[in-house]
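Engineer: Taken in sequence, the protein lines are chains A and B.
Residues in the first sequence are numbered consecutively from 1, following the numbering used here.
Residues in the second sequence are numbered consecutively from 174, following the numbering used here.
Please keep in mind that the hints were generated in silico from the structure rather than gathered at the bench.
Note that the Cβ used here is the ideal one computed from N, Cα and C, for glycine as well.
One should not assume that every hint holds.
[Claimed, not checked] Derived BS3-like pairs: lysine-lysine, alpha-carbon spacing no greater than 27 Å straight-line:
{"#": "1", "chain 1": "A", "residue 1": "K112", "chain 2": "B", "residue 2": "K223"}
{"#": "2", "chain 1": "B", "residue 1": "K259", "chain 2": "B", "residue 2": "K200"}
{"#": "3", "chain 1": "B", "residue 1": "K259", "chain 2": "A", "residue 2": "K109"}
{"#": "4", "chain 1": "A", "residue 1": "K112", "chain 2": "B", "residue 2": "K561"}
{"#": "5", "chain 1": "B", "residue 1": "K200", "chain 2": "A", "residue 2": "K109"}
{"#": "6", "chain 1": "B", "residue 1": "K234", "chain 2": "A", "residue 2": "K109"}
[Said to hold, decoys possible] Stretch-level coverage of chain B by chain A, calculated; a stretch enters the list once three of its residues show a Cβ under 8 Å from a Cβ in chain A:
{"#": "7", "segment": "464-478"}
{"#": "8", "segment": "518-525"}
{"#": "9", "segment": "540-551"}
{"#": "10", "segment": "555-562"}
{"#": "11", "segment": "573-586"}
The lines below spell out each chain.
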Amino acid sequence: MLRALQLEPEKCTGCLQCEMACSFENEGVFNPAKSRIKVFGFHDQGRFAPYTCTQCDEAWCMHACPVEAIVVNQDTGAKEVLDAVCVGCKVCTIACPFGTVNYSHDTGKVIKCDLCGGDPWCAKACPTGAITYVDIDNTGLDRMRAWAQQSSAGSASFNVPTEKDVQTYSQAQ
Amino acid sequence: MQHIVIGAGPAGVVAVEHLRTYDPDGKITLIGDEPEPPYSRMAIPYYLIKKIDERGTYLRKSAGHFDALGVEILQDKVTAVDPGAKTVSLAGGASASYDKLLIATGASALTPMIPGVESEGVYRCWTLADARNIIRLAQPGNSVVLIGAGFIGCIILEALAASGANLTVVEVENHMVPRMLNDTAGHMIKTWCEEHGVKVLTSTKVDAIESGTGDRALNVVCDNGDNIAADMVITATGVRSNIEFLKGSAVNVDQGVVVDEYLQSSANDVYAAGDVAQGKDFSTGGFNVQAIQPTAVEHGRIAARNMVQGHDHVHRGSVNMNVLDTLGLISSSFALWMGADGGDSAEVSDPDRFRYVNLQFQDDMLVGASTLGLTEHVGVMRGLIEGKVRLDGWKDKLKQDPTRLMEAYIASTQALGHNAHVI
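Let the sequences and hints guide you as you build the complete structure.
Structural biologist: See below:
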């Protein structure tokens, strides 16, 4: 069963632990600017939204690549950038309508979420359940429910932040 | 079913792959006129700076990719198409019959009408063969003149500058990359190039390329009176669809092959895709040649499907978009970047840091954009434009700060806490 990242902005407190974990796992530094998942803040409303690649079926980035440098990982379903093949032409960065492929000046290549090979650290580091790694069939339901909810009056309470264990990072893992 | 695809660029290659998906048993022939395996012209600038070897330019990396798909590759040049007899004529003298034909012959670099342009030492930068010549002559201390500061001219600047050659760029328009950026952004790119040691002459026309006197083989005569001694001249003055072989056939051509919303030409069972196709533009609804990679791929996929399954997939139009790296300064432009009738715009400019964002709106939707120095979340501009996302109150926020594109997109499309009423 393929799994996917489920993002629930209503549970996000903007702590940026996901960005710290992502940048350390993938770039070896604690630097949110190098994270592949980004938390967008709506400070005037006190809201936050974690956002990254959904590994969409359309795979605009992959199809737009002129040198076959983005491929599907058959185990995880992630669309992965092959660093050795990427020439840094950036066509994928304009082709992705979700804005989740970025160009890195440091490496001269593009960077996107690869689900950490099937063990995404953003989900493991999230302390409120705003980012979870779940069966792909389940990811849409709560989103649709939340979207449908917006037109009805009053507030719902089914999706409040929930306490969960936080896995701490260890390079040996 | 015999499918013939003419042209082994991205549109042709994506088309044969999709033809195989939709028609597992059909015969598929891909005809290309260059000797190399199908390769990407987009990758040539990176081959020039030796970031990749020649193999790195290949569109498909695994050996036997086309064999495994059961696609026959034929190196030959198609000289004529007869839609009545459903045949194509080959330069080798043979002819081949098709049930469905896809024309994906791409475009070629224009040779500007300048006296002396055929001289030894004057090259275009379009094919791998051109690239090999450029690598040979772009040497430290040599003088290189680049005619044309459009997309291709700018993207090969890095390779030329890295070679250690002395570079002069001559552009006839009043700013660089005139078909992708406005004059504000174009002037910033010019300043950037000058700061990186490249001499840039805008609003300048080359009158002639003469034999040089002294050490340099060539002398470039400009209309401002300048004479530039050069070892090599590279012309990059635009491209034109490869449609010559269709003259006199029943396939209508204009800028490129005229196609309908199914990418079929005026002739039954003849389709066109990529740089040769005058396809539908998402923003204008008109038909034009975009000559960009994402459109070529989209055309290839849709044409293949319609060739096999009947006309069940309408091409609703491709968003014209470009991303360009000029000596490390990255620019992008999308759709109606020059603005829409009755629309309004927002702009933020920081020339000292080479940062620029220009947004074009119609009602409360983004319809075009151009940027300089932006590498994060660039694609969201496509998402906002192609998704026709209603920005509502976010338009005002973007007019105050055009860099907040991602927040605008998320707030307008996602069930956030505040619009989901869940907290």
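Engineer: Each hint: holds or not?
Structural biologist: These are the hints, each one checked on the structure:
The straight-line distance between the Cα atoms of K112 of chain A and K223 of chain B is roughly 24 Å, inside the 27 Å bound, and the hint therefore holds. Between K259 of chain B and K200 of chain B, the direct Cα distance comes to roughly 15 Å. Compliance with the 27 Å bound is thereby established for this hinted pair. Of the pairs offered as hints, the one joining K259 of chain B and K109 of chain A is violated, with about 45 Å between alpha carbons and a cut-off of 27 Å exceeded. At most 27 Å may separate the alpha-carbon atoms for a hinted pair to count; K112 of chain A and K561 of chain B meet this at roughly 25 Å.
Among the hinted pairs, K200 of chain B with K109 of chain A is inconsistent with the structure: their alpha-carbon atoms are about 38 Å apart, more than 27 Å. For the proposed pair K234 of chain B and K109 of chain A, the alpha carbon gap of about 18 Å is at most 27 Å, so the pair holds. Restraint check on the segment 464-478 of chain B versus chain A: 4 residues with Cβ-Cβ distances below 8 Å, three needed, restraint holds. Check on the segment 518-525 of chain B: 0 of its residues sit with their Cβ under 8 Å from a Cβ of chain A, so the three-residue criterion for coverage is violated.
A count of 4 residues in the segment 540-551 of chain B with a Cβ less than 8 Å from any Cβ of chain A is obtained; the coverage claim is therefore met, three being the minimum. For the segment 555-562 of chain B, the proposed coverage by chain A is satisfied: 4 residues have a C-beta within less than 8 Å of a C-beta in that chain, meeting the threshold of three. Counting residues of the segment 573-586 of chain B whose CB lies closer than 8 Å to any CB of chain A gives 6, so the stated coverage by that chain holds, three being the minimum.
In the structure shown, a violation is registered for the earlier hints numbered 3, 5 and 8, in ascending order.
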